[in-house]
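Peer 1: Given next are the chains, with one letter for each unit.
Number of protein chains: 2
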Amino acid sequence: MRELFYPRSVAVIGASRNKGKVGYAILENLKLNFKGKVYPVNPNAREILGLKCYSSVLDIEDDVDLAVICVRADLVPGIVEECGKKGVKVAVVISAGFSEVGNRELEERLIEAARKYGVRVVGPNCIGVVNNENGLSTLFSDPEKFKMPENGNIAFVSHSGALGLAVMDKFAEMQVGVNKFASIGNRVDIDESDLLEYFSRDKRVGVVAMYIEGVRNGRKFFNALKKCSKRKPVVVLKAGKTEQGKRAAFSHTASLAGSYEVYRGVFKQANAVEARDLEELMDYVKVFSYYKKVSGRRVAIVTNGGGFGIIATDEAVNEGLELACFEKKSVDKLKKLLPEHCVVSNPLDLTGDADAYRYELALRVLEKDKNVDVICVICLLQLATVGREIVHVLTRGYKKPIVACVGGSAYSIKIVKELQKRGIPVYPTPHRAIKAIRALCEYSEG
Amino acid sequence: MRELFYPRSVAVIGASRNKGKVGYAILENLKLNFKGKVYPVNPNAREILGLKCYSSVLDIEDDVDLAVICVRADLVPGIVEECGKKGVKVAVVISAGFSEVGNRELEERLIEAARKYGVRVVGPNCIGVVNNENGLSTLFSDPEKFKMPENGNIAFVSHSGALGLAVMDKFAEMQVGVNKFASIGNRVDIDESDLLEYFSRDKRVGVVAMYIEGVRNGRKFFNALKKCSKRKPVVVLKAGKTEQGKRAAFSHTASLAGSYEVYRGVFKQANAVEARDLEELMDYVKVFSYYKKVSGRRVAIVTNGGGFGIIATDEAVNEGLELACFEKKSVDKLKKLLPEHCVVSNPLDLTGDADAYRYELALRVLEKDKNVDVICVICLLQLATVGREIVHVLTRGYKKPIVACVGGSAYSIKIVKELQKRGIPVYPTPHRAIKAIRALCEYSEG
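For the protein sequence lines, the chains are D and C, in the order given. Residues 9 to 454, numbered by this note's numbering, are exactly what the first sequence covers, in order. Residues 9 to 454, numbered by this note's numbering, are exactly what the second sequence covers, in order.
These are computed hints drawn from the structure, not numbers from a lab. In this text, all values refer to a predicted model and were calculated from it rather than measured experimentally. Hints are not guaranteed to be accurate.
A pair holds if it fits inside one copy or across any two, identical chains being indistinguishable in the list.
To be verified - Below are the DSS-like pairs computed for lysine-lysine, each with C-alpha atoms no more than 30 Å apart in a straight line: (1) Lys155 <-> Lys429; (2) Lys235 <-> Lys97; (3) Lys301 <-> Lys60; (4) Lys425 <-> Lys27; (5) Lys422 <-> Lys155; (6) Lys425 <-> Lys301; (7) Lys336 <-> Lys94.
Modelling step: build the complete structure from the supplied sequences, incorporating the hints.
Peer 2: Below, the structure is given as structure tokens:
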């Protein structure tokens, strides 16, 4: 498995000279970013992108750790056999046209070829893998259309390639850093459980995100999930929950989606964090990329907008959080320090004329409060009195984890980016901030 | 009420020469944007921002339709009395320091003064009103921090000023056009029901958004809501749903939040669309700004990403929509027109190599299908084969309403903006697109 993410050399079998072809995009990408050797393989070319081209993987003088295969489906079994002979450790099969379109026999031949020589396989019918540490990427996306997230502490496993790409692109937008990504398609060999197992031991990975339609082996998955969740949070989105969704999943990746109720039970028992939709998946993964655990579910809400404070309060109660009951000495201090028109209560309403300094006063009191586990800071920046200084105040380092809520247009977006760069996760609405806190609590208690 | 949104002349009582003061920001804003006369009132100034300044509203030679009052709270009753003598029709009282901080007596005096002369009052403790038709705005936000949405067909009523500003700023970001806005604070006179009544007759308004904590008069509200909903959709977010939220609402706008169950009943009976959180409020208002009604809840899902299609299918079923069962002739046509590897079913998976033309083929068939009421188009732009042409294809005009789902970073965001400008509402995740469709269906059936 190590060679899948840390190969010393990669062969692109099906490399193409034609811009717009998958075999061109993959090669170009690797040539530009990958910190290792790259060998194009194409019997009809001598050189591609300035790299010497080989007729067959067998002709490459050097060892080949990883082969990326993007040739016509019917050629794949033969190519995999050649890879086996060459001693290739892992093959990522991008090519589609196997069991997902009913072509089971061809898939069987691919499996046989791989087994015969002990070649591990990712795919077929996948977009492959990314490792942001060494620039490895088999994605064939257009750089104008797709932005690769920066390196971070997330590993992301997706049954769907297009969904994987879309979520990664969104992660880039959300400033969520991804360490490794794998789209595993038809999963004839390496599956979600193998990757979970690997990521559970990978020190660069702090949180695992998964999009699954149906798993191959339930018992294996449960064990891997449980093991990984013990070490780090795993956020899972399961698709194919309804009968209609299951049918769609079957024609997508030939997945047997299975009973959603059984999956929920598995997630719960394994202490995985279930995301009910894509937004939750992205939001939860984000919060876990900042914090692993919290000490409990007693939340303090600090706001400069009364309405947002009330909404956050409602959401906190509905999501099963507790509104922290501040210690008497905190209440006394807050009453002494804050202007009289502030509402010293939970939510703590600093009111519309609050400046960043008032936030700091409040946070310095609440971080010491033994009844507070986590602080939800709402800051509406449309109001005149609070501006960029809030970034310094919120990132000054407090003894309690802070999850922030800031919503608005260009100015707010700029501040959000600064806050996130300096270690504070921010959400655009109270509901999403509170749900992220709930996910943190759930995992911490499991 | 007409003078509140269409005054010929506005006096700013408490106008200030000091940048950073509320009375400066309001005056500057009006001077720059308002298509009517503006009179600053301040006994200690001769001229502000190049405008002649008056000691009292009584000194203004011309008639004054609307007075914006931003003086110290204890001065307000006297000022309102002067406004009455002058014949001012409506006073927007920005000043805070009334019942929301326990100062009931002062509020009573304000009410008396207004009643005596028949001056209608908005506020106190509010940020006032906006009319994007004539540039009227009493908001005192920093233009660097707050972006005013463009003129559109939405009217938005908010019990909270800060929340109103934040949502308006977000609307600007989401390209949701707002026609009129009112933040009504303590509501000593003009309340949410009066505004509903007014907006129900306002032809520029196609949809009403409301953020409410507690209404003053339940019967009046129900009647106004029902009447307005008959003519146009009203989307309501109610805060103070939980006991803790109610307490917070009381210290915010002195609102008695009341039983949430009763409110839900009222919304349902009046056929108002309830938003359960801020994101839903903004998302639903957006879809109604494009479409008023749909013919039914049979949805067709068209996608180039299998995973997104499955998720949308699950969400549609969970939200109580029906997955349209395509007519036989549609199925036959689609099978004939589309490449063999496409999955002709609902969701219709055009697969990852779909170009814009393939979307058009599909939409031309589905728009004629009698079993389809609304089409959810998912387009993942990270994939190489589909690009900007999708804008032309989706906006070519079809017989069925289209709600789109496009998610990602810069490139996708650019396409989303173009689509929305040309009449297609777009959401970043399947769940949000499907929920918007559900809101449309709910209103249409009510």
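Peer 1: Against this structure, judge whether each hint is valid.
Peer 2: Cross-check of the supplied hints:
1. Lys155 <-> Lys429: Both, since 17 Å and 24 Å are each at most 30 Å.
2. Lys235 <-> Lys97: within (26 Å within a copy, 71 Å between copies)
3. Lys301 <-> Lys60: neither (50 Å within a copy, 61 Å between copies)
4. Lys425 <-> Lys27: between (35 Å within a copy, 29 Å between copies)
5. Lys422 <-> Lys155: both (18 Å within a copy, 14 Å between copies)
6. Lys425 <-> Lys301: The answer is within: 23 Å in one copy meets 30 Å, while 38 Å across copies does not.
7. Lys336 <-> Lys94: The answer is neither: 72 Å in one copy and 52 Å across copies each exceed 30 Å.
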